[in-house]
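Position chain B against the provided structure of chain A, taking the given hints into account.
Top to bottom, those sequences are chains A and B.
For the first sequence, the positions run 0 to 147 when numbering that gives the first Met the number 0 is used.
For the second sequence, the positions run 0 to 507 when numbering that gives the first Met the number 0 is used.
The hints are simulated quantities; they were obtained by calculation from the structure and are not laboratory data.
Hints are all accurate, no fakes.
Think about it this way: if two alpha-carbon atoms lie no more than 20 Å apart in a straight line, the pair counts; the simulated EDC-like pairs of lysine to aspartate or glutamate are:
| no. | chain 1 | residue 1 | chain 2 | residue 2 |
| --- | --- | --- | --- | --- |
| 1 | B | Lys429 | A | Asp63 |
| 2 | A | Lys59 | B | Glu431 |
| 3 | A | Lys65 | B | Glu225 |
| 4 | B | Lys429 | A | Glu74 |
| 5 | B | Lys429 | A | Asp61 |
| 6 | B | Lys429 | B | Glu89 |
| 7 | A | Lys65 | B | Glu431 |
| 8 | B | Lys449 | B | Asp186 |
| 9 | A | Lys70 | B | Glu225 |
Pulled from the structure, derived: some chain B residues nowhere near chain A, Cβ distances all over 12 Å:
| no. | residue |
| --- | --- |
| 10 | Gly105 |
| 11 | Ser339 |
| 12 | Met377 |
All C-beta atoms, glycine included, are put in the ideal place defined by N, C-alpha and C.
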Amino acid sequence: MTGMGDRILGLFLLVVAVAYGWVAQQWPEPFGGAEGVGPETFPTILAIVLVVGSLYLMIKPDADAKWPVGKSALELVISIIVLVVYALLLEPLGFIISTTLAVGILSWRMGAPPLRAFVTGLISAVVVFGLFNYGLSLSLPNGLLGGS
Amino acid sequence: METIGFLMDGFAVALTPYNLMFALFGAFVGTLIGCLPGLGPANGVAILIPLAFTLGLPPETAMILLTSVYAGAMYGGRISSILLNIPGDEPAMMTCLDGYPMAQQGRAADALAISAIASFAGSLIGTIGLIILAPVLARFALTFGPVEYFALFMLAFATLGGITGKNPMKTVIAAALGIMISTVGIDISTGTQRYTAGVLEMYEGIDFILAIVGLFAISELLFFVEARMGKGRSKVKVGKLTLSFKEIVSTIPTQLRGGVLGFIAGVLPGAGASLGSFISYTLEKSVIGKKGRFGEGDIRGVVAPEAGNNGAASGALVPMLTLGVPGSGTTAVLLAMLISLNITPGPLMFTQNADIVWGVIAALLIGNVLLLILNIPMIGVFVRLLSVPPMYLLPIVTMVAFVGIYSISHSTFDLYFMIVFGVGGFILRKLEIPMVPIILGLLLGPEMEKNLGHALILSDGDWMTLWSSPLAIGLWLVAGLGLVLPTLVGPIIRRRMRSAIKEGPVSD
Chain A
0 MTGMGDRILG LFLLVVAVAY GWVAQQWPEP FGGAEGVGPE TFPTILAIVL VVGSLYLMIK
60 PDADAKWPVG KSALELVISI IVLVVYALLL EPLGFIISTT LAVGILSWRM GAPPLRAFVT
120 GLISAVVVFG LFNYGLSLSL PNGLLGGS
Chain B
0 METIGFLMDG FAVALTPYNL MFALFGAFVG TLIGCLPGLG PANGVAILIP LAFTLGLPPE
60 TAMILLTSVY AGAMYGGRIS SILLNIPGDE PAMMTCLDGY PMAQQGRAAD ALAISAIASF
120 AGSLIGTIGL IILAPVLARF ALTFGPVEYF ALFMLAFATL GGITGKNPMK TVIAAALGIM
180 ISTVGIDIST GTQRYTAGVL EMYEGIDFIL AIVGLFAISE LLFFVEARMG KGRSKVKVGK
240 LTLSFKEIVS TIPTQLRGGV LGFIAGVLPG AGASLGSFIS YTLEKSVIGK KGRFGEGDIR
300 GVVAPEAGNN GAASGALVPM LTLGVPGSGT TAVLLAMLIS LNITPGPLMF TQNADIVWGV
360 IAALLIGNVL LLILNIPMIG VFVRLLSVPP MYLLPIVTMV AFVGIYSISH STFDLYFMIV
420 FGVGGFILRK LEIPMVPIIL GLLLGPEMEK NLGHALILSD GDWMTLWSSP LAIGLWLVAG
480 LGLVLPTLVG PIIRRRMRSA IKEGPVSD
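Okay, chain A solo, but in the shape it has when bound (with noise of 0.2 Å):
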């Protein structure tokens, strides 16, 4: 079947504007009782505007996109960890050691030889903490490298 990846998006849309408009019902009126507009009407003309949005998706989708399958879809998981993985560590490890790594694992994964992918990872990280640190002299973290 055609369409999937609208349809599957349409779905998930409806539920999102169910759930928002229910939700924007429950809130309790507002002190000073209710005006012309209370804090749930704005969203609940949206909520309106995104099932007939969702629904028109389901019904007349469009033709399907290319989805990443196997090795580059492992690729963009990998990539997306990193992410992650760069974001819990910049505190604990210190801005320049998780650059580093996280700068050096993208280059080597999107094709770079492994060896310089770091070495750039490393300079562009040490370019710029300097740049930040003593050019405009906003803290980045330390970490590892911290010392006291």
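Frame of chain A, contents of chain B only:
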């Protein structure tokens, strides 16, 4: 003329050494962003926003920096069009048609030089148009009430997909998603917590800057990873400049026509720079007729689209500055900067923040001169950078985006959010849901709700008030047309643009 006076004040702001330095830096970085693969102008400006914050720049300097980047990116897009037959950004598509053949005939240097001159002319014409039109439009916009503003926002969303947009329903969905995200946080008028799930970080709402950087920069990285386009391109020889003065003079009428047409396309909602360069190229072709050798490296075929897209870039600033309603992705990102600087965009800006508005306009003029100077002798530098492979470039750009976001709040919570937006953006882009309406929704959502609230309070809750003034009805009508026209006319124009490109003797 008071406009001249304001402009002089603007020059006084823009010509301070500090601001001039940032204009130069912006122009340089902008050209880089324009010519590098995988870094569109909206993307590039978005990454620079957090940097402008962390530098603690005063508002006018921050705006001057970003406007110069914007202008520079429009110049930069042509470099890879001409040398590699790959447009650096979408509006530069038409420049491939005659630019690449010129390069193949060994006239790459000439094509680059004349296109820089054409960019300058187009931008100059566009900026002059901006100076004349903006104050008039701002004065007119002062008569807008909440009802008209609400209708105007609807118009902005409806026309955002542009005449060439594919599926208007997807624009609607994207806009609704963006506005929904903007409702997270404490409701300004009643204090009700909305969709915060009790998480402290959510009370203030979702910062649109991290959403923008995630949607553009992170999703771009993922696209490159997927397509495995990491390898760089081979270096290109530019050759010697043989452009004669006579040749430059002979293209002046083309430059004028292209610039004016581009400016008009830029101001109109839903047209934008891509259409601007397309229209000016087609017009040029029909004006010159059989005498030209369009598609085979006619110099006017390079001049027309470049003048057109740079004119359009300045034109697109008109609705953004006067109404607070951007018509394109990059101007939406510029608007994000204004809002985060606590400047209310719209007609009042011309009176309350005159120094910023006119400073930016003056910076645009100065930036153009700088760009022309940068682009002719230093073209070699940009050409060399063109061969930096994305496999090194994109990870570094991503890292700079992380650092920028981190340095605003010093919280890793924001970084996770940015990654979520990046992954979401990747999936949505795969499904051809456009990003720009999401961003516009994030930016305009609160304003829309506020104006709707005001309108309904003024009318005692009567919803018919939204259609009560002739101006509002007019705006609603245009908005309706904006949604309907793409389905009727869109396929025709898209086919023409495609066939125009196919006609070119491009053998890749």
